[in-house]
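A.B. asks: Sequence:
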Amino acid sequence: MRIFGLIGRKLSHSYSKDYFDRKFRTENISDSTYSLFEIDKIDELPLLLRKFPDLAGFNVTFPFKQSVIPFLDDISDDAKEIGAVNTVLVGKSCGRRYLTGYNTDYIGFLETLENQYFNNAIVLGTGGASAAVRYALRIKNCNVLTVSRDIRRGLLYSQLTNEIVASSDLIVNCTPLGTFPNVDDMPPFPYKYLTDKCLLYDLVYNPTETRFLMEGKKRGTKIKNGLEMLYNQAESAWKIWNK
-4 MRIFGLIGRK LSHSYSKDYF DRKFRTENIS DSTYSLFEID KIDELPLLLR KFPDLAGFNV
56 TFPFKQSVIP FLDDISDDAK EIGAVNTVLV GKSCGRRYLT GYNTDYIGFL ETLENQYFNN
116 AIVLGTGGAS AAVRYALRIK NCNVLTVSRD IRRGLLYSQL TNEIVASSDL IVNCTPLGTF
176 PNVDDMPPFP YKYLTDKCLL YDLVYNPTET RFLMEGKKRG TKIKNGLEML YNQAESAWKI
236 WNK
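Residues in the sequence shown are numbered consecutively from -4, following the numbering used here.
None of these hints come from the bench; they were simulated from the model. Among these hints, one or two may not hold up.
Okay, derived cross-link-like pairs now, DSSO-like style, lysine-lysine, Cα gap no bigger than 27 Å in a straight line [claimed, not checked]: (1) K36 / K87; (2) K234 / K212; (3) K46 / K187; (4) K212 / K187.
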């Protein structure tokens, strides 16, 4: 029996297990299971690997997409450039486990945009998901402005002006703010500057409509949550695990 799973700190919000359980049923895959592995620190990963010798691959979510990298034996070129990993293939080399990291987040995000093109984007957050989104937008030749609570990592929320927001046709929340069960949280963004010419995109998918999206909806923006991206990146991960 092959074991796959998701590694993260808090996973009660995650739809990944439901997604893969459904996939295994519909495609009559009987030799695979998918589990949620909550850990407090990435240092617990070696212990997890020893505990589950049949672990064949796993996804990585907040807050370990960057800190997992030193625990890997190899990393794909895309993941190396992004600086974040969300999918790991567990193989064997010279009689020991060999961990290879990939990033399917950027693929999942790109696929959700299809033939849409944007001139100027604001990306909220500077973690692993943000890095993947920024990489994807650079592929689409979109100008990207990064916003952070840390002045060393991007523009501060308080520095966002009406002109900056109004000239942006895509705003992506890559922070976990608003994720179940903390559904009242949202980024401290100047929502009053939003226009109906903008797409507000939240990588959070549980709940399906976050407070971040609600604030945009009030002002006539187009809105999109992260569920389609989740499914797309999961399919890409499955291809990696079975290549």
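A.B. asks: Provide an ascending list of the numbers of those earlier hints which the structure does not satisfy.
C.D. replies: 2 and 3
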